[in-house]
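One-letter residues, chain by chain:
Number of protein chains: 2
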Amino acid sequence: MGNAYVGSPVPRREDARLLAGRGRFVGGLRLPDMVHAYVVRSPVAHARVTGYDLSAARAADGVVDVIGVRDASDLRLPCVSPGPGQRELSYPLLDDVVRYVGQPLAVVVAGTPAAARDAADLVTVDYDELPPAIGVEHAVDPDAPRLYPDWGTNVATDFEVGDPRGDCAAAAHDAAHVVDMTFRFGRASPYPLEPRAIVASYAEETLTIRASTQAPHHVRDHAADLFGLRYDRVRVISRETGGGFGAKEHLYPDEALVCLAAIRTGRPVRWSEEPADRLVATLPARAAVHRGILAMDADGRFVALYADVLADLGAHPANCGIAPAAVSATMLPGPYRFDRVGARVRGAVTTSTPTGSYRGFGQPEAAWTRERLIDEAARRAGIDPVELRLRNMIGPDELPYTTRTWQDYDSGDYPRVLRTLRDSVVAPHRDDGRRRGIGFACHVETTGMGPSMGMKAIGIQAGGFETAVVQMEPDASVVVSAGVVGIGQGIETALAQIAADHVGVALDDVRVVLGDTTTTPYSSIGSIASRALAVSGGALTRAAAQLRTRILEIAGHQLEVDPADLEIVDSTVRVKGTPQVARTLREIATAAWRGWDLPDGSTPGLLERVSYEPVAYTYACGAHAAAVAVDPATGAVEVEGYWLVNDSGVLVNPAIVAGQLRGAVAQGIGMALFEEIGYTPDGQPNASYDLPTTREVPDINVTTLETPSPRTPGGMKGVGEGGTVSSTAAVGNAVAAALPEIADRITDTPMTPYALWRLPRHASSPGQ
Amino acid sequence: MGNAYVGSPVPRREDARLLAGRGRFVGGLRLPDMVHAYVVRSPVAHARVTGYDLSAARAADGVVDVIGVRDASDLRLPCVSPGPGQRELSYPLLDDVVRYVGQPLAVVVAGTPAAARDAADLVTVDYDELPPAIGVEHAVDPDAPRLYPDWGTNVATDFEVGDPRGDCAAAAHDAAHVVDMTFRFGRASPYPLEPRAIVASYAEETLTIRASTQAPHHVRDHAADLFGLRYDRVRVISRETGGGFGAKEHLYPDEALVCLAAIRTGRPVRWSEEPADRLVATLPARAAVHRGILAMDADGRFVALYADVLADLGAHPANCGIAPAAVSATMLPGPYRFDRVGARVRGAVTTSTPTGSYRGFGQPEAAWTRERLIDEAARRAGIDPVELRLRNMIGPDELPYTTRTWQDYDSGDYPRVLRTLRDSVVAPHRDDGRRRGIGFACHVETTGMGPSMGMKAIGIQAGGFETAVVQMEPDASVVVSAGVVGIGQGIETALAQIAADHVGVALDDVRVVLGDTTTTPYSSIGSIASRALAVSGGALTRAAAQLRTRILEIAGHQLEVDPADLEIVDSTVRVKGTPQVARTLREIATAAWRGWDLPDGSTPGLLERVSYEPVAYTYACGAHAAAVAVDPATGAVEVEGYWLVNDSGVLVNPAIVAGQLRGAVAQGIGMALFEEIGYTPDGQPNASYDLPTTREVPDINVTTLETPSPRTPGGMKGVGEGGTVSSTAAVGNAVAAALPEIADRITDTPMTPYALWRLPRHASSPGQ
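Those protein sequences? They're chains A and B, same order as listed. In our numbering, each number is its position in the first sequence, counted from 1, plus 105. In our numbering, each number is its position in the second sequence, counted from 1, plus 105.
Warning: the hint list may mix true and false statements.
Pairs involving identical chains hold if they fit within one copy or between any two copies, as the list cannot separate such chains.
When the alpha-carbon atoms are kept at most 25 Å apart in a straight line, the in silico SDA-like pairs for lysine to any residue are as follows [said to hold, decoys possible]:
1. Lys681 to His662
2. Lys561 to Arg192
3. Lys561 to Arg688
4. Lys561 to His662
5. Lys561 to Leu504
6. Lys681 to Gly167
7. Lys681 to Arg146
8. Lys561 to Glu665
9. Lys681 to Leu664
10. Lys561 to Gly706
11. Lys561 to Leu664
12. Lys561 to Ser195
13. Lys681 to Thr654
14. Lys561 to Trp701
What the hints contain is simulated information worked out from the structure, not anything from laboratory work. Source: prediction; values computed, not measured.
Bound-form chain A, shown alone:
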C-alpha cells in the first residue's frame, strides 16, 4: 500500500454536493412528459372490497391513467427469506381484501401532483368491513379474527432455533436463579430523512426506475420478474438515497404500481411518499413480543437462555418477513457463554402495515431481552451487573466460538470492550429530585453478510457476494464501481480510500461509481446488513491490490527491473533508490490500453474485477452505557450521559464510523423512549411519531477498538447498525437501575412518560 488514507478521517466526498444542495435525489427529478402518481389507500383496517368505481377519476381533468385491482391482477412480489413452512410466499400489489389501514387500493396518474390527488378523491370503494386483529398477542388467540380464513390460524411460520425448549428447561431446573420476563417491543419506523420516491419510465422496451433505494439490483430483479421483463431490460438508478435504515431494501407494492403506470402510459411517472402516509406505507419494524428466561447458578454462571419470540408480521409476510425475528433468536446469546440457548420463533399476521427491516434487524430486540434479563438476574443475586457480565463473557482466547445458535464468532475481545467502557463512564450528579441510574448492555453483531450457518440451519438461505471493479483509465485516473450504494453512510468516500491506498494513487484520482444497474457490478443484496464496506470493500481491497501488481509488472517489463524494486510516488512508478528511472502512471496506463509493450501473456488494459464471497459473517461487538434521570412525577426520562465502546475491526474512516455510531444510538434512544406506531383497537394507527432530536440525545462518547476481521480482506467489519443494538437496552437498564423497586416491570419499549408513570410503583416480585 502506498498512502495511508485507510484509517484517516478524510472528509466525506459526498458532502460536497449534499451540503451544497446539489444532492441528486429522485424527488427533485423532472423528466420531459413526466406525470405524477397518487396512491389511494384504505381508510379501514380489515374489509372485503365489494365495489370499486374508478370511472369518475378516469374522466377527471388531467388524469392520464387510473390503476385498480383488476388492472394489476396476478402481480405479486416475493417474500425473499420465508421462514420454515411459511404459509404465504408472495403478496399482491393490489388486493380486494383490505388487511391494514394504508393498503394501496388504486393509483391515479395525472399531469400534476394536485390533479392526481384531486382525482383520487373521486375513486369510490365500497367495503364490507371485517373485525380487525390488532396486537400480535391478540392475533395468536384462537378466537382472534382471522386474516386468511383458510389458514385456520394467524400464525404464518413457527420454528425453533438452537437448543430445544426441553433441554433449556432441563438445564434451568436446578438453577439458583431463573428470571422469566415478557418483553414487548414497540412498532418503530426506520423513518429515513428522505421519503421513499420513484420515477419510472418505459421506453425502447426498457423500464428505467430511478429510486431512492438501498438495493438497485434487488429492485431490478423483482421489477423484471413482476412484469415479465428480461433482467437486462430493467435499469435501476439510485444516485442518492437520503437514508434507508432497511426501509428501502426492496421494491414496495406502491412503487411497483408506479412502474406499471409507466409501462401503461409510456410516460415517466413520478411518485413520492405523502407525509401523511409515511407511517402506514413504509414498513415499520421491531414489533415483537419476547418471553425470555435466563437461568443462572449460584455462582452467577449463566446456565440457560430461552426466548419465545413472537413477531408481528403485519398484514402479510413482506419482503424479509420473519427474518428479523429469526436473527433475534440466533443472536440471542450475545457475547456470553451459556450451557443451553434456544428460542421458538413465530410470526403472526395482524391487521396492520406489514413489518420489515430496520437498522439492527432483530438484534436490538435480542439485546434488550438478554441484557434486561441479565440486569434483573444481577439485581436478584446481588451481583454487580458489569461483574456478572464479565464473569460469563466469552474471552478472546475462546474465539473463534460457535454459539448454541450456530453463530460462529470470528474475532474480538469482548471483556476488554466492556472494561474499557466501565472505565470511561462518569456518573452525572445533580440533586433535582429525579431518580438516576446507569445501565450497561453488550452485544455481538452480525455484519458483512456471508453465508450464515444460523440462517441455513433454520432453512433460510441467505448471504451473497460483492464485486468490485477498479479500472485505471489511459490517463491514469482510477474508477471504482461496486454494486452497493450510497445511502448516507459515506461508502463512496470509504471505497475511494481503499482504492487509493491499495492502488497507490492520490485520493482525488479515484472516482467511485455506484447506484446504476447498467454500470455497476451485480449485487443481489445491496447496502443492507452492515455489509457494504466489509464485503464490497473486501472485494475492492483485493481488486485494487491486483491492479497495483499489474501496474508494477508492466512498469517492471518496460523498465527492465524486478517489479519488487518499484514504488509508486506522485503518479509515477520509479525504481526504489533510483527515482530517475521511472515511467509515469499515464504512460503505463496508455500502453496497457493500447496493448503496446506489455509483458508476454499480459491481458491488455488495466481493469480488475474481483468478487469476494465471505465464508461467513464477520462479527463486530460493542458495549454501551447510558446514564438516565427519571422524573418520578411525570415518568419522563432524560438520557444525561452516554458512552460506548465499539470494535468493528479495521476502520477505514474513523470520522464516518463515529458519526454512524452516534446516529444509531439516537435511533436506539428513540426506540427506548419515544418511538412507536400505536394502533387503536379498530386498527387505526397514530398519525404522529416522535423522533429524538438534539434535545433528547446527549453527547455520545465514542471509543473504538480495532480487532481486524480474519475473514475480510482488509480486516474490516460492518458498523452501520452496531450503534442501535445495545443502545435501547442500555437505556432500559439505566431506567431499571433508577427505579429498582419496579425493575422487573421495565420490559416494554418505548418507555414513554405515560408508560412509566402508569406502572404500579410498589415492588411486585421479591428477588429470588
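Keeping the supplied structure of chain A fixed, place chain B upon it in accordance with the hints.
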C-alpha cells in the same frame, strides 16, 4: 456450440428500429435547455486573418455564446498515426491562418438553429489573402505557395517502404516489359447517409458527448485530453451511426468546438453538419498520385513493382494523415509474387480540406495502380490478363507468406478465388454502338487490425485489442457488450449470433450493448479497418465459450455429473441421453449470482470478460470483374455486369456480408466513374457531388468462399471494406479493355464522361 446461428442469414435486429423510423440518431435528440451551434467557415482558401469582429453576433437576439479563435487558443487535436519525421503532430481547433475553404473560424450558439445561423452572418472577418496551393503535384513544386513557411516545403513526411528504389530498378533492368504509368485518384468523400452530428452537455463535472461516431472511446480520450478532463469525466454515447466509412473515426475540430460551447455555457449544445458544408467539413480521402512501375520478364513473371506515392494531406495532417498512403504502399503487391516491391511515400499539404480515412484506406488506390499496371502489361505482352494474374499468384501452399512490404498473409486461396470469378462471368452482348470490355482485379486486404509489421517497420505504431463482456443475468438472459459500435454494418446482429451459438442460447435471449463509454469495454480504435467483427467477435467467441463452460461446470456440480455429459437444449442444461436430469439455465444463473451451491473455488456470477489482441492482421481476399459499355460519342460508361468472389474467412451472417460487399462495390463504382471533389485554381471546391444510384449500379453477383482465419478465434476476417478495394480497378480495367487504343491513358479517377471524352483517341504508346 449449440445452435447454428453463425453462418445463417438471420435478419438484422437493427432493422426493426431503423426501418420503423425508430433509429436513435443524434440529430433527432432534444434535451431540456438545449441550444444550437452554427459553425462559421472560411470562404477563402488561404489567408491570414487580420481582424475579427464577434461583437455584433454576441449581441444578437437569442445568442448564448460566440467562440472565436482567441477563445480556443492552444486547443489542438493530435495526429494519431504520423509518418516518420512528420512536421506537424497536431492541429488547432481554430487558427488565424486560413488554409482551406470551409476551415472553421467561429462558432455561434443560440436558442434556435435559425438564430445561430442569422447571427453567424454578423461575424465579420478581415483577411489578408495568400495564394492557394491546389493539387498535390503542384504543391510539391519548389515554386508553389507554402502553407507553413517555416517548413521550407509543403512535404510533411517522406519515407520508403519495402525494397529500396534502387533494388527495384536493378531488378527491372533486364525485364522484358516495364510498364510505367502515373495514376491520379480523385478526391472522394465517404459521404455517409447521416451527416455528422453531435450534442454535447456538461453537468456534474462530466462532459457528455452524444455523437454519430465510429469510435466513442477515441472521441472520449481526445476530448478529455483537449479540455484537460479526467477520462472518466467524459462520456461518449453513440447509439446509432448512419454510416461512417472512415469519416467518423475521430473528433473533428468543429465537434470539439461544440463541446467547448457546452462547457462554457453549461447547456446542451446541438450541432449537425450543414448540407452545404459537407464536402468541405468532413474529411475526404483517396486524393493521391501514384507513379507505378511494373517490371515483367519474357515469361510473364513479375519481377518488380515500385510506386511513388504522393498523398494530398490537405491543409494539415489530420487524424490519420499519411496512414492511408502508407497502406497503399505496404499493400501494393496484392496477391502476387514479385522479386522486389518498394514504394516512396510522401504526404504534402495543399490549401484544401484535410484528408482522412475512407473505406479501403489506401487499398483501392493500391489495387488500381497494381491491377491497371498488370492489365497494361498483359496487353503489351499479349497475354490474357486473368492468365497473367494466375501465373504470378501466391498459391495456397505458399501461405503464410510475407510480402516484400512486410505484410504476413495468413490464409486464403487466391487462385481459386480468381478462377471461381472467371467461371462466373457472363459477358453481356448488345449491339448498340457502344464499346464493351470486361476488366478483372484482384486484391488481398488487411482486416482485423492487430499489430502490423508493415506499419511498425515504417515507424507508425498501430493495432490494438478488443474486449467482449458476456454476462448471463440471473434470469438467464444474456447481455453482450463490446467497445465497437454499430455503424450500419450489422455488428449488433453478428455479435448476438456468435454469443447465442457459443453460449448455447436462443438468439432472442441475447442483447448486445454498444456505443456508450460508461457501459462498454474500452476500445482505443473503434469500428474501423474492417476489424469490428474479427477482433471484437474474436474476443466474444472466447468469452461466450468460457461462459458456456462455466454454466456446464456449475450444472455438473449441482447435478453431480461430468460437465462433458451435459448439453444445453431449450434454456435447460440436461444430461445427454437422460434429459429428465436437468437444471434450467435460470436456476443455474440465479444460483451463480447468489453464490449458492457452486463448485469449490468458483467465482460467483456468470460474467466473462475477454480481451483478444490479434497477433497480426488477418488477410481477406477477393477478385472482381466488371463489364462496361462506353459510349464513344459522350464518354459515358455504363457498368452492365458485375461479379465478385470474396473470401473473408468464416461468415457469421452471409446476408450482411453480401450487403456490405454490394454497398462497397457501389462506392467503388462511384469512385471509378463519378465521385470527385474538385477545386478551382483559387481553391474553391465544387458544390455538388455525384453519388451512384441504383441506375448506375448493376446487379452485383456475389460469391463467397470461406477460408477460416488461423488468427481469429472463430476464423472470421473483416469484410466491411473488401468490396471497395478491387471494384474501382475492375471498372478501370473494363474501360481500358473497351478502349484498348487508349488503354494506357486510363489512369485517373473518376472516369467521368468528360474525362474520357477529352482523352486523345489515338493510340499513344506501342506495346513493348
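Checked hints:
no., hint, in the structure
1, Lys681 to His662, "within (15 Å within a copy, 48 Å between copies)"
2, Lys561 to Arg192, "within (19 Å within a copy, 71 Å between copies)"
3, Lys561 to Arg688, "between (51 Å within a copy, 22 Å between copies)"
4, Lys561 to His662, "between (48 Å within a copy, 20 Å between copies)"
5, Lys561 to Leu504, "within (21 Å within a copy, 62 Å between copies)"
6, Lys681 to Gly167, "neither (71 Å within a copy, 60 Å between copies)"
7, Lys681 to Arg146, "neither (69 Å within a copy, 54 Å between copies)"
8, Lys561 to Glu665, "between (52 Å within a copy, 22 Å between copies)"
9, Lys681 to Leu664, "within (12 Å within a copy, 53 Å between copies)"
10, Lys561 to Gly706, "between (42 Å within a copy, 20 Å between copies)"
11, Lys561 to Leu664, "between (52 Å within a copy, 21 Å between copies)"
12, Lys561 to Ser195, "within (21 Å within a copy, 64 Å between copies)"
13, Lys681 to Thr654, "within (16 Å within a copy, 44 Å between copies)"
14, Lys561 to Trp701, "between (50 Å within a copy, 11 Å between copies)"
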